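In case it helps, the working numbering puts the sequence shown at residues 13 to 534.
If you are wondering where the hints come from, they were derived from the structure by calculation, not from laboratory data. This one's a predicted model, so the numbers in the text were calculated from it and none came from an experiment. Using N, Cα and C, we set each Cβ at its ideal position, and we do this for glycine too. Possibly wrong hints are sitting among the right ones.
[Stated by the list, open to error] In the SDA-like style, the derived pairs of lysine to any residue whose C-alpha atoms are separated by at most 25 angstroms in a straight line are: (1) Lys324 to Phe241; (2) Lys289 to Arg411; (3) Lys198 to Lys289; (4) Lys297 to Phe262; (5) Lys510 to Arg482; (6) Lys300 to Ala321; (7) Lys324 to Phe215; (8) Lys274 to Phe262; (9) Lys240 to Phe215; (10) Lys297 to Arg279; (11) Lys510 to Ser347; (12) Lys217 to Ser347; (13) Lys289 to Cys339; (14) Lys485 to Gln508.
[Said to hold, decoys possible] Computed spacing ranges between beta-carbons, pair by pair: (15) Glu250 to Pro527: 17 to 25 angstroms; (16) Thr193 to Cys355: 40 to 48 angstroms; (17) Trp446 to Leu381: 35 to 43 angstroms.
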Amino acid sequence: MCNWQNNNPGSNKSNPNSKAGRMPEFRRSLLEASTLQKKASGSYASQVQNILVLAMGRQKHKQPETIPSKRDEEDSSTISEEEAQDVAGHNAIGDQAPQQESSSEGDCSDSDPEPDDAKPPEPKETATKAPTKATTLKRSRCDDAGTSTPENARPSKRLTKETEKAAFFHESYNESSGDCTILAGKTYFKISWVLLTRPSEYFRKKLADAKRARDGQAQASRAPSNDKFQVEMEETPEDVGALHWLLTAFPSDIMQQGDPSKADLPRLISILYMANKYQFLEHEKWAKAQLQVYFATVEGKHPSSISSACYKRLYALASSIWPQFKCSVRTKWLSDLDNNSFCSKEMLDFAESMNDRFLQAHVYYHELLQMKGGRQDTSLAPLFHENNFTPTQNIRLYRGFWSLWHFWAGIRTPELKESMNEDHRDNCTKHWTWMWEQGARISMTGGDWFGVSASEEREVVFDPMGALDRLIKLPPSPSTSGDAKSGACDCRFQTQAKTLKNRLQYELADHFFGPVIDSARQ
Numbered sequence: 013m014c015n016w017q018n019n020n021p022g023s024n025k026s027n028p029n030s031k032a033g034r035m036p037e038f039r040r041s042l043l044e045a046s047t048l049q050k051k052a053s054g055s056y057a058s059q060v061q062n063i064l065v066l067a068m069g070r071q072k073h074k075q076p077e078t079i080p081s082k083r084d085e086e087d088s089s090t091i092s093e094e095e096a097q098d099v100a101g102h103n104a105i106g107d108q109a110p111q112q113e114s115s116s117e118g119d120c121s122d123s124d125p126e127p128d129d130a131k132p133p134e135p136k137e138t139a140t141k142a143p144t145k146a147t148t149l150k151r152s153r154c155d156d157a158g159t160s161t162p163e164n165a166r167p168s169k170r171l172t173k174e175t176e177k178a179a180f181f182h183e184s185y186n187e188s189s190g191d192c193t194i195l196a197g198k199t200y201f202k203i204s205w206v207l208l209t210r211p212s213e214y215f216r217k218k219l220a221d222a223k224r225a226r227d228g229q230a231q232a233s234r235a236p237s238n239d240k241f242q243v244e245m246e247e248t249p250e251d252v253g254a255l256h257w258l259l260t261a262f263p264s265d266i267m268q269q270g271d272p273s274k275a276d277l278p279r280l281i282s283i284l285y286m287a288n289k290y291q292f293l294e295h296e297k298w299a300k301a302q303l304q305v306y307f308a309t310v311e312g313k314h315p316s317s318i319s320s321a322c323y324k325r326l327y328a329l330a331s332s333i334w335p336q337f338k339c340s341v342r343t344k345w346l347s348d349l350d351n352n353s354f355c356s357k358e359m360l361d362f363a364e365s366m367n368d369r370f371l372q373a374h375v376y377y378h379e380l381l382q383m384k385g386g387r388q389d390t391s392l393a394p395l396f397h398e399n400n401f402t403p404t405q406n407i408r409l410y411r412g413f414w415s416l417w418h419f420w421a422g423i424r425t426p427e428l429k430e431s432m433n434e435d436h437r438d439n440c441t442k443h444w445t446w447m448w449e450q451g452a453r454i455s456m457t458g459g460d461w462f463g464v465s466a467s468e469e470r471e472v473v474f475d476p477m478g479a480l481d482r483l484i485k486l487p488p489s490p491s492t493s494g495d496a497k498s499g500a501c502d503c504r505f506q507t508q509a510k511t512l513k514n515r516l517q518y519e520l521a522d523h524f525f526g527p528v529i530d531s532a533r534q
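Given these sequences and hints, build the entire structure.
And the structure:
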């Protein structure tokens, strides 16, 4: 009975030094140790969760749906405090220290847990906002990982720096004494204003305008004026360099351009273009003279150094500022086309871009001469000529072939006059027949063209203009009467051949495109 009474709780309160009085304090220490252990494990779990959320980017981290208990709310408040410390930094640690002490005291208290609909404590609300802000920052970095790089973060500034680095002074055309800087593309040229303004009315006016603007700015700012000028041109560095060369070259170098073997044709074309645009009248005359000499010489008849780009530019330039030279350029270009130096499709596309019917017609006629129809073993019908033309271009090609064939068939019989004699029957008819046979030349291998077997190879080339040209150049042949004069009768077949050829050249485009109908006749 005495021992049971001594274990009474009432006696424990009166005697705190007894063994029974020390039991609650020991249990409180155990609870505090377990709470600290849960705090440590909760802080580690929160750090792992934060790392997963930041790594997943846009993927939303979902918390497991569990029924909250008192211990869970205490652990979540502790985790939220640890997350707030991780996000807020070292400055938030000191502010949250009292909150940690209060939470420790709350763990030891015997109070009931808060209901679910109760307002969350302030530390928990702060801890919830902080990770959301950090997650948003990290998510934006993940979204822009493919585009936001240090190289393309600011493309406008980067391009400006690259342009400034890429611009350079030309090593050959950079005079130290030049008071004018010309920018063409990414290349700087330095030259004296005197060399530009003396032969050019355009640059004289431009210099006067630049001086007035400079003097006005100097008076407004009361600062000394600058004698340097800068001009920006839209032409290529090659064109500006060609003009710079002509204005600063030695006379011996300029004289070499008269020799076709030493002439620089692309540079001459650039000089002609620049001199015409910027009103260098004397230099334009010089460039035209050099080009005429180049194309008139033996080297210029079949030039191997002329590229398609030079032909295109020179033909377009001659069409606008030099019509007299246009025919010479076209003749040389077509002669190179006959030598298979250039592609018919490329030349035809250029003629279409220029809307030049005459040049298109001659390209079609050249392709017509190259038409060689093949034949299959199983059929007698010939195959169409293969090329890289568009369907519209092929329609025009075959339309021209049909039209020219009917035209040639109409002049097969020579012109007859009332006063017929022996010379016409023996001489004129023979030449006209030969001309027609050469125009629709049917050459067959294996001997005479009469009675050739079907197994032998045949080649048909339709060239009416070539046949007319050969007839015009025929030497005089003796007739049966002994007269050595060609075309002694009234038909005058050579004169008639010249008339037909001139008319055919003039109306060649009508055979491929159709005749041009006058609007007044419609």
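Tested hints:
1. For the proposed pair Lys324 and Phe241, the alpha carbon gap of about 35 angstroms is over 25 angstroms, so the pair is violated.
2. At most 25 angstroms may separate the alpha-carbon atoms for a hinted pair to count; Lys289 and Arg411 exceed this at roughly 41 angstroms.
3. Under the criterion of a C-alpha separation no larger than 25 angstroms, the hint pairing Lys198 with Lys289 is consistent with the structure, at around 21 angstroms.
4. For the proposed pair Lys297 and Phe262, the alpha carbon gap of about 19 angstroms is at most 25 angstroms, so the pair holds.
5. With a C-alpha separation of about 10 angstroms, the suggested pair Lys510 and Arg482 falls inside the 25 angstroms cut-off, and the hint holds.
6. Distance restraint check for Lys300 and Ala321: the Cα-Cα separation of roughly 18 angstroms lies within the 25 angstroms cut-off, and the hinted pair is therefore satisfied.
7. Taking the CA atoms of Lys324 and Phe215, the gap is about 28 angstroms. The hint is violated against a cut of 25 angstroms.
8. Taking the CA atoms of Lys274 and Phe262, the gap is about 15 angstroms. The hint holds against a cut of 25 angstroms.
9. Our distance criterion of 25 angstroms between C-alpha atoms is met by Lys240 and Phe215, whose separation comes to about 15 angstroms.
10. Between the alpha carbons of Lys297 and Arg279 the distance comes to roughly 15 angstroms, so the proposed pair stays at or under 25 angstroms and holds.
11. With a C-alpha separation of about 21 angstroms, the suggested pair Lys510 and Ser347 falls inside the 25 angstroms cut-off, and the hint holds.
12. Taking the CA atoms of Lys217 and Ser347, the gap is near 44 angstroms; set against the 25 angstroms cutoff, the hint is violated.
13. A C-alpha spacing of about 22 angstroms is found between Lys289 and Cys339, which places the hinted pair at or below 25 angstroms, so the restraint holds.
14. For the hint linking Lys485 to Gln508, the alpha-carbon distance of about 13 angstroms falls within 25 angstroms, and the restraint holds.
15. Between Glu250 and Pro527 the beta carbon distance is about 43 angstroms. The supplied range of 17 to 25 angstroms is therefore violated.
16. Judged by the Cβ atoms, the range 40 to 48 angstroms given for Thr193 and Cys355 holds: they are separated by roughly 41 angstroms.
17. At about 19 angstroms, the beta-carbon gap between Trp446 and Leu381 misses the expected band of 35 to 43 angstroms.
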